[in-house]
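Enquirer: Spelled out from the first residue to the last, the chains are:
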Amino acid sequence: GAVVSQHPSWVICKSGTSVKIECRSLDFQATTMFWYRQFPKQSLMLMATSNEGSKATYEQGVEKDKFLINHASLTLSTLTVTSAHPEDSSFYICSARRLLSGNTIYFGEGSWLTVV
Amino acid sequence: GENVEQHPSTLSVQEGDSAVIKCTYSDSASNYFPWYKQELGKGPQLIIDIRSNVGEKKDQRIAVTLNKTAKHFSLHITETQPEDSAVYFCAARTFGAAGNKLTFGGGTRVLVKP
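Protein chains in written order, with the numbering used here: chain A, 438 to 553; chain B, 14 to 127.
Don't read these hints as lab results, they were simulated from the structure.
You may find that some hints are simply not true.
The calculated lysine-lysine pairs, modelled on DSSO-like cross-linking and capped at a C-alpha distance of 30 Å, are [said to hold, decoys possible]:
#1 A/K478 <-> B/K70
#2 B/K55 <-> A/K478
#3 B/K71 <-> B/K81
#4 B/K35 <-> B/K70
#5 B/K35 <-> A/K492
#6 B/K84 <-> B/K70
#7 B/K71 <-> A/K478
#8 A/K503 <-> B/K35
#9 A/K478 <-> B/K126
#10 B/K55 <-> A/K451
#11 A/K457 <-> A/K501
#12 A/K501 <-> A/K451
#13 A/K503 <-> A/K492
#14 B/K55 <-> A/K457
#15 A/K501 <-> B/K55
#16 A/K457 <-> B/K50
#17 A/K478 <-> B/K35
#18 A/K503 <-> B/K55
#19 B/K126 <-> B/K71
#20 A/K478 <-> B/K84
Starting from the given sequences, assemble the full structure and let the hints guide the process.
Expert: Here it is as structure tokens:
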């Protein structure tokens with residue numbers, strides 16, 4: 438099946454610093470990628486939709502200046518958590534929409550962020 | 014917007030028995046319904062999906078049924094095995110002005126007891 442890779446799989450950063458998470462579609466092009474946040478024992482919460490070559494669309498309540506999204510190519514989207522705080526600690530997951538398979542959406546393995 | 018409800022939230026079955034998870038959705042315009050399996054600490058993995066022009070789809074021990082009139086769809090796992098233990102999420106997707114994002118159910122934690 439299609440593969441979506443996330444990097445890093447886990448990261449620890451200090452409060453006030455920024456951290457970047459990458460999402461790559463390895464064997465297909467993705468004009469649209471999605472970023473989710475998941476708290477323990479909860480469902481996935483959509484943060485934003487990332488469109489190649491244009492600005493991301495953020496869900497209500499998600500700070501666009503806090504969570505910077507860049508989708509510079511058809512295989513790469515990045516999420517940058519700026520000025521991180523402990524409450525930003527979470528599991529961040531990306532997904533990519535594969536156009537040539539009926540718009541099936543595949544997920545990455547997720548990235549654990551811990552802000553200390 | 015779309016709202017997806019999933020039941021039960023937890024499900025414990027004996028190895029070899031069947032497991033059924035049910036989801037309902039609110040937006041009649043939704044036309045794509047995937048199911049994902051998520052193991053601890055990992056991202057969701059697509060296990061099966063169904064589109065609105067199909068009523069049932071089967072892949073080995075996994076099957077999904079869709080009732081568009083009632084706006085509900087179900088996941089059926091037969092001959093369950095311990096490795097089926099995970100959290101399962103249903104989702105619904107609507108194509109529209111807001112894009113084609115997925116709306117997820119709350120998840121079902123499945124435990125298969127050997």
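Enquirer: Output the indices of the hints that this structure fails to meet, ascending.
Expert: 5 and 8
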